[in-house]
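Novice: Residues per chain are reported as follows:
There are 2 protein chains.
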Amino acid sequence: MAKYMDVHHSMKGITEEQLREAHNADLAIEKDEQVHFEMAWADPESGRVYCLSDAPSAEAVQRIHERAGHKADEIHPVPLMVQ
Amino acid sequence: MAKYMDVHHSMKGITEEQLREAHNADLAIEKDEQVHFEMAWADPESGRVYCLSDAPSAEAVQRIHERAGHKADEIHPVPLMVQ
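Chains W and V supply the protein sequences, listed in that same order. Residue numbering for the first sequence is 22 to 104, as defined by our numbering. Residue numbering for the second sequence is 22 to 104, as defined by our numbering.
One copy or any two copies: either way a pair holds, since identical chains are not told apart in the list.
Calculated cross-link-like contacts (lysine to aspartate or glutamate; reagent style EDC-like; alpha-carbon spacing at most 20 Å):
(1) LYS24 - GLU38
(2) LYS33 - GLU95
(3) LYS33 - GLU66
(4) LYS52 - GLU42
(5) LYS33 - GLU87
(6) LYS92 - GLU37
(7) LYS24 - GLU37
(8) LYS24 - GLU66
(9) LYS24 - GLU59
(10) LYS24 - ASP75
(11) LYS24 - GLU80
Calculated from the structure, these hints are not laboratory results.
Model the full assembly from the supplied sequences, consistent with the hints where possible.
Specialist: Structure below.
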């Protein structure tokens, strides 16, 4: 398992409720791929959404996002983290 | 105060120690601009580094990053967050 940051580029105008619904759609099926979506942040103005996940691979992250109806535009492993 | 996600594109090969040093350089001066860098994630392979901060403006985030020696390539407000 590893951490991934994926980015959606085209979610302009997304509301808090839509972000919650999209995240819940991921959470509902994430176990099928041993993925866990931990947090997501959205900028309604630019349409960027960033999702932090714990997953076996980038492909597993994308399969969940695709099935939930929101394919990611970028997925990067982020093995390093500081706090 | 608002949340920001900034992205660095060109930190290929960054190590855990270098990420820690870069983050500490931000933390050392962030109070000058009422910014707080909460977390940072790095992908040494693509060179992407994502930083989550709490700040009065994107310009304040950039001023700290510039003074610390690592200007951000993108800075997006992220007013929406789910967990």
